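*Asks:* The chain contents come next:
2 protein chains.
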Amino acid sequence: MKLVLLSGGSGKRLWPLSNDTRSKQFLKVLKSKNGDMQSMVQRVWGQLEEVGLASSAFVATGASQVDMLQAQLGGEVPLIVEPERRDTFPAIALAASYLFSVAGVDTEETVAVLPVDPYVDTAFFEKLHELDSALSASGAELALMGVAPTYPSEKYGYIVPSPKQYNEGAGYLEVSHFTEKPDEEQAKDLIEQGALWNCGVFAFRLGLMLDLLMENGWPVSYQVLLESYGDLPKISFDYQVVEKASNVVALPYEGEWKDLGTWNTLTEEMDMGVIGKGIVYGKSSNAHLINELGIPVIIMGLSDIVVAASPDGVLIADKAASPAIKNVVKQVEGQRPMYEERRWGWYRVLDYHKTDDGQQVLTKRIGIAAGRNLSYQIHRERNEVWTIVQGEGMFALNDRIYPVKPGDVLQIPKGAKHAIYAETDLEFIEVQMGSELIEEDITRLCMTWDEIKAICVQTGGLKS
Amino acid sequence: MKLVLLSGGSGKRLWPLSNDTRSKQFLKVLKSKNGDMQSMVQRVWGQLEEVGLASSAFVATGASQVDMLQAQLGGEVPLIVEPERRDTFPAIALAASYLFSVAGVDTEETVAVLPVDPYVDTAFFEKLHELDSALSASGAELALMGVAPTYPSEKYGYIVPSPKQYNEGAGYLEVSHFTEKPDEEQAKDLIEQGALWNCGVFAFRLGLMLDLLMENGWPVSYQVLLESYGDLPKISFDYQVVEKASNVVALPYEGEWKDLGTWNTLTEEMDMGVIGKGIVYGKSSNAHLINELGIPVIIMGLSDIVVAASPDGVLIADKAASPAIKNVVKQVEGQRPMYEERRWGWYRVLDYHKTDDGQQVLTKRIGIAAGRNLSYQIHRERNEVWTIVQGEGMFALNDRIYPVKPGDVLQIPKGAKHAIYAETDLEFIEVQMGSELIEEDITRLCMTWDEIKAICVQTGGLKS
Numbered sequence: 001m002k003l004v005l006l007s008g009g010s011g012k013r014l015w016p017l018s019n020d021t022r023s024k025q026f027l028k029v030l031k032s033k034n035g036d037m038q039s040m041v042q043r044v045w046g047q048l049e050e051v052g053l054a055s056s057a058f059v060a061t062g063a064s065q066v067d068m069l070q071a072q073l074g075g076e077v078p079l080i081v082e083p084e085r086r087d088t089f090p091a092i093a094l095a096a097s098y099l100f101s102v103a104g105v106d107t108e109e110t111v112a113v114l115p116v117d118p119y120v121d122t123a124f125f126e127k128l129h130e131l132d133s134a135l136s137a138s139g140a141e142l143a144l145m146g147v148a149p150t151y152p153s154e155k156y157g158y159i160v161p162s163p164k165q166y167n168e169g170a171g172y173l174e175v176s177h178f179t180e181k182p183d184e185e186q187a188k189d190l191i192e193q194g195a196l197w198n199c200g201v202f203a204f205r206l207g208l209m210l211d212l213l214m215e216n217g218w219p220v221s222y223q224v225l226l227e228s229y230g231d232l233p234k235i236s237f238d239y240q241v242v243e244k245a246s247n248v249v250a251l252p253y254e255g256e257w258k259d260l261g262t263w264n265t266l267t268e269e270m271d272m273g274v275i276g277k278g279i280v281y282g283k284s285s286n287a288h289l290i291n292e293l294g295i296p297v298i299i300m301g302l303s304d305i306v307v308a309a310s311p312d313g314v315l316i317a318d319k320a321a322s323p324a325i326k327n328v329v330k331q332v333e334g335q336r337p338m339y340e341e342r343r344w345g346w347y348r349v350l351d352y353h354k355t356d357d358g359q360q361v362l363t364k365r366i367g368i369a370a371g372r373n374l375s376y377q378i379h380r381e382r383n384e385v386w387t388i389v390q391g392e393g394m395f396a397l398n399d400r401i402y403p404v405k406p407g408d409v410l411q412i413p414k415g416a417k418h419a420i421y422a423e424t425d426l427e428f429i430e431v432q433m434g435s436e437l438i439e440e441d442i443t444r445l446c447m448t449w450d451e452i453k454a455i456c457v458q459t460g461g462l463k464s
Numbered sequence: 001m002k003l004v005l006l007s008g009g010s011g012k013r014l015w016p017l018s019n020d021t022r023s024k025q026f027l028k029v030l031k032s033k034n035g036d037m038q039s040m041v042q043r044v045w046g047q048l049e050e051v052g053l054a055s056s057a058f059v060a061t062g063a064s065q066v067d068m069l070q071a072q073l074g075g076e077v078p079l080i081v082e083p084e085r086r087d088t089f090p091a092i093a094l095a096a097s098y099l100f101s102v103a104g105v106d107t108e109e110t111v112a113v114l115p116v117d118p119y120v121d122t123a124f125f126e127k128l129h130e131l132d133s134a135l136s137a138s139g140a141e142l143a144l145m146g147v148a149p150t151y152p153s154e155k156y157g158y159i160v161p162s163p164k165q166y167n168e169g170a171g172y173l174e175v176s177h178f179t180e181k182p183d184e185e186q187a188k189d190l191i192e193q194g195a196l197w198n199c200g201v202f203a204f205r206l207g208l209m210l211d212l213l214m215e216n217g218w219p220v221s222y223q224v225l226l227e228s229y230g231d232l233p234k235i236s237f238d239y240q241v242v243e244k245a246s247n248v249v250a251l252p253y254e255g256e257w258k259d260l261g262t263w264n265t266l267t268e269e270m271d272m273g274v275i276g277k278g279i280v281y282g283k284s285s286n287a288h289l290i291n292e293l294g295i296p297v298i299i300m301g302l303s304d305i306v307v308a309a310s311p312d313g314v315l316i317a318d319k320a321a322s323p324a325i326k327n328v329v330k331q332v333e334g335q336r337p338m339y340e341e342r343r344w345g346w347y348r349v350l351d352y353h354k355t356d357d358g359q360q361v362l363t364k365r366i367g368i369a370a371g372r373n374l375s376y377q378i379h380r381e382r383n384e385v386w387t388i389v390q391g392e393g394m395f396a397l398n399d400r401i402y403p404v405k406p407g408d409v410l411q412i413p414k415g416a417k418h419a420i421y422a423e424t425d426l427e428f429i430e431v432q433m434g435s436e437l438i439e440e441d442i443t444r445l446c447m448t449w450d451e452i453k454a455i456c457v458q459t460g461g462l463k464s
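These protein sequence lines are chains L and B, in that order.
Each step along the first sequence adds one to the number in the numbering used here, with nothing skipped, and position 435 is 435.
Each step along the second sequence adds one to the number in the numbering used here, with nothing skipped, and position 49 is 49.
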């Protein structure tokens, strides 16, 4: 059996900590067994290792998450990278083509697809092993995992079993149909009928997915599918495959399962009341503070509250009200992200303002990871000043390369070709100035440092 | 009659908006009649103008508040500036010596001392006129204003009248003694006896204070007292004068009087629920947000809450719990102020961190007001890089002066003599780097731009 973990979604429900480049699964807010802070992705990967499944697992994701996944799970984690974000059906189709045409997996082998961040007991992952035998024993096209409901939730999708007698020995249910987000009364009825919560775990024989691709005229070769990825429909695996399948079974899982996708559910699993600089004072119970700002946050006399502060903003919410943040945050969108992690490192916006004479000024602190570089680029509408504050590297300006060290000041006029390469972890303070400061004002001449070196003349020292 | 308004105190009770350089009386959180935001100081000054007393008023303050008072009340406001902060007795003594030896006020003239920021009806200031006649009619040494209590508060000091029959026609009470912060039962008794809240308004003949100075061997000449100001005891006017006086009367004031010194009392008088960038969402009543950070703050489902955010920190408090902030904030002190207003302008800290190799890096955005300058100075332990982003000025470096404009980058190595003068409002981004970044690492060679120009050679352009 092979596993495909889907690592997707940007998610506004954990604003301001999650944003377009930082998905919730990467937030280090859980405590690991050794006491370190860990993310949801790290917790799941550790559990897969415990049950011996990590070596069979692949992670399907988008380009923007590659660095983060490698940083959190190690450089060896096998990734299947979508060329663009579409939906779960195209992502799983691409993964299937990769398993078949690159990894050489047999078409009869079982593939189990699951989310990268369920908050569950290790028993959940133990149970994955049974998906394989359920497919064999039932002859079904799909075998799902379903969570035994603990209350009549209106938030989840339900897997509804056939009214046929339950096959005790087989350990699986035959699925009749699916019901999304019923009201409470319907949910109670569904639970009476033995329905399970759909937790996004699907298993099938690899050949099923390949057949489906071929039937629709889509390629099964990974390389070819990669190039025509934009032709696949933006549709979920549930709609395209699961709901159309004629023969589906489900394995009931009785243990703990939680969706930590909102602040109230996430903070329930946080051992620490305060992460970052701050104080919870006086009569405050069930208060959680996650503070990524460098300044202190003081909470006084408030209970059942979550406070999350990041360079993007500050959320102060009654826990029960916090799931609605997704809707509220729309009202503050359109502002520039204040912190981003990128392929080459990260940056944080320190200040942005317009001067009295209409010029824009943007100040950033930028970190380039050792061995990485910024592409060789030109800005038409702004000049930049970089003050190196840490690390050593090489700076390319108008086809000449200069070694740089802390204290050096690099002036980049409008129109100048420039790049920088970090020999050790490098940091600088950047001041951008211009009439219009937009991320799109960039012409990339080449990407890798080897390419840049081939163009430029190396010099002994900084020219100034 | 002359008025002396005492503008003192730094005050932690409105943290994080008030700090050592920004006292609560300067926070622009109240709405003026024309709809603009105004501070408590501005509100009081407007009321004094209404009742014709502004032209008789002086403001006694410390050097750190001079620029702020002039900015908020206009450059013409007459200030009496203490050379150092001591207590209310020395401040009032200095003011008396100023009125006598500089302003030529007659020793028989009445001087009324009052706080710079009471939140009261204009009738309060109308009533100040009566202090003069009360002194004459009673022959008392001191005439106070007292506020008729509206409830048995445990927070205030009480002016307790003599049990003699009330002199209806005179309109004043003879004072027996003072009681500080009684418990509720005692407070009820005091109110029964006709006691008043002490609101810090004292009137006396100028000669009384001069006699007191002379009796103790302290000078009555302003210039001489200024030089020996450090010899005056650090003691309040209440202890040194009021409680020792044998003959004191008090005028009862029946109107509105509030101490807006804590977040719960201040927000009661704020017309706007949100000042700055932010949203109060959902079931939230009696919620106030004052946000000086450039990033959005979202409050969800919380009532009776005050949120105040500044570069120094974020307070999130149940209103009833908010007065205790004074004690809590001690636990986060010792951090560098993130925003300060100075004689020459202001600065805001954008980032402070230590690099992996133990160097410190501090990034500031600095504004110099047109016509002002930084002193000619040297730092021993740090170098600085200034990127000019707005305005024009003159930059002095090692005895040479260069004109500067937006886009110029000024590099100041350790040990270099430097200063800057703003011809128009000037702004720059400063990056400091060094092994130890402390405000004390500064040797000032001279202060005024005329002095600096006398030392330096003027040049045509920047050397680089």
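Calculated from the structure, these hints are not laboratory results.
Just so you know, not all the hints are guaranteed correct.
One copy or any two copies: either way a pair holds, since identical chains are not told apart in the list.
Simulated crosslink set (PhoX-like; lysine-lysine; CA at most 20 angstroms straight-line) [what the hints assert, rightly or not]:
| id | residue 1 | residue 2 |
| --- | --- | --- |
| 1 | Lys277 | Lys354 |
| 2 | Lys326 | Lys277 |
| 3 | Lys181 | Lys354 |
| 4 | Lys283 | Lys326 |
As the structure is a computational prediction, the values presented were derived from the model and not from experiment.
*Asks:* None of the hints should be skipped; say for each whether it holds.
*Replies:* Here is what the structure says about each hint:
1. Lys277 x Lys354: between (30 angstroms within a copy, 16 angstroms between copies)
2. Lys326 x Lys277: between (26 angstroms within a copy, 18 angstroms between copies)
3. Lys181 x Lys354: Classified as neither; 47 angstroms inside a copy, 50 angstroms across copies.
4. Lys283 x Lys326: Between copies only: 16 angstroms across, 29 angstroms inside.
Checked against the numbered hints above, the structure breaks only hint 3 and satisfies the rest.
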